[in-house]
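S.K.: Using the sequences provided together with the hints, build the complete structure.
Sequence order for the protein chains is A and B. Heads up: the first sequence begins at 1167 in the numbering used here, then just goes up one per residue. Heads up: the second sequence begins at 1167 in the numbering used here, then just goes up one per residue.
The list cannot tell twin chains apart, which means a pair is met if one copy fits it or any two copies do.
Under the rule of at most 30 Å between Cα atoms (straight-line distance), these lysine-lysine pairs were calculated in the DSS-like manner:
1) Lys1357 x Lys1265
2) Lys1265 x Lys1315
3) Lys1324 x Lys1357
4) Lys1201 x Lys1299
5) Lys1265 x Lys1290
6) Lys1357 x Lys1201
7) Lys1338 x Lys1357
8) Lys1299 x Lys1315
9) Lys1265 x Lys1201
10) Lys1293 x Lys1201
11) Lys1293 x Lys1315
12) Lys1290 x Lys1324
13) Lys1201 x Lys1256
14) Lys1299 x Lys1265
The hints are simulated quantities; they were obtained by calculation from the structure and are not laboratory data. For clarity, every value in this text was computed on a predicted model and none was experimentally measured.
2 protein chains.
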Amino acid sequence: MNLKTPRTRLKRLPKRGAHDFATMAAVIPTGYGRKGRTLYIHGSFASRMLNELATGIPMCLTVTLVDGLVLARSGFHSSVNYRSVVVLAKATVVEGEEKGTALEIISEQILPGRWADIRRPNRKELKATLVLKLRINEASAKIRTGPPKDDEEDYALKCWAGVLPLQLTPGKPVADPRLPANIPVPDYARKFPRPGRKK
Amino acid sequence: MNLKTPRTRLKRLPKRGAHDFATMAAVIPTGYGRKGRTLYIHGSFASRMLNELATGIPMCLTVTLVDGLVLARSGFHSSVNYRSVVVLAKATVVEGEEKGTALEIISEQILPGRWADIRRPNRKELKATLVLKLRINEASAKIRTGPPKDDEEDYALKCWAGVLPLQLTPGKPVADPRLPANIPVPDYARKFPRPGRKK
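M.R.: Here it is as structure tokens:
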């Protein structure tokens, strides 16, 4: 699929992809769910950010994963390995049956397997929740991988260089103080994955 | 210090802090450095984002750390533990001697101890780099900690509930393929910290 437009055309470091667009942005960190080319975000019905976005203004949603610190022999070439996506779109409000489905998609994006265990949203909760969707028609990715690229003369320096990998890692699950002792930690929480980079 | 203004006044969930401001935002993920109440960001001299921000337009810089998934017994009360800061400011361009100092501050913010080992920026590199600074005069933080808070009747459900802690964790350092074998991994890379939440 071609997500390239004049606004997502690559400008700087085209081999990594590039973006310099800031018309309007969801600056508030938020969870999301994706099904095919549709992205869902949600929040309180009173959220000013979501209500603003619900009017259909141009918006921008960014997802970034940091994979490591790139320790070059100079500050100038020091960098970060990451995977980042920018989606430009206009949101629409999700209603009716799709609203429950969207909440499930968001939940399963964050912790696959969880939705089957929890109580579903009731009518009051659905009413208190605003769900928006974006079509992914205009987007680009920016990625850096691999070792540092130093100036040729800097390779002679007696300075360690390489990559310090970083990963979002789960710790030991902490049970709610009010949880009965006979309810075990579910597998999906014990084996929480961070999807690896596909080669 | 009082960073509260009509724009950073708390509106929703005031006990966690709140923000609903999106005049203009650095949507591009970027490193930063802080010294006292001054924040530094940097990038290519050709970066459209930085050049735009350098004109002094209102901007917003957000820093977020995700501390864990909050697994409540309902989707509605499921949440995330996090620490997030939003700074509203207008940037100015950093020049002269402060430019080198700012780059050191950014480097030391990302990996303390590294700056002493690497080659310093030369004149050409400084010229190719744009450094901006922001004064932290208008800002607020938003934080969630602790177990889920469920509806009273949901505590009877046979569903595991609690927190799945998440942490950005360093892996084993990967040496540059061109690194001589006799240069050891420095301590600061082996013990890379993620600062914990201060109680």
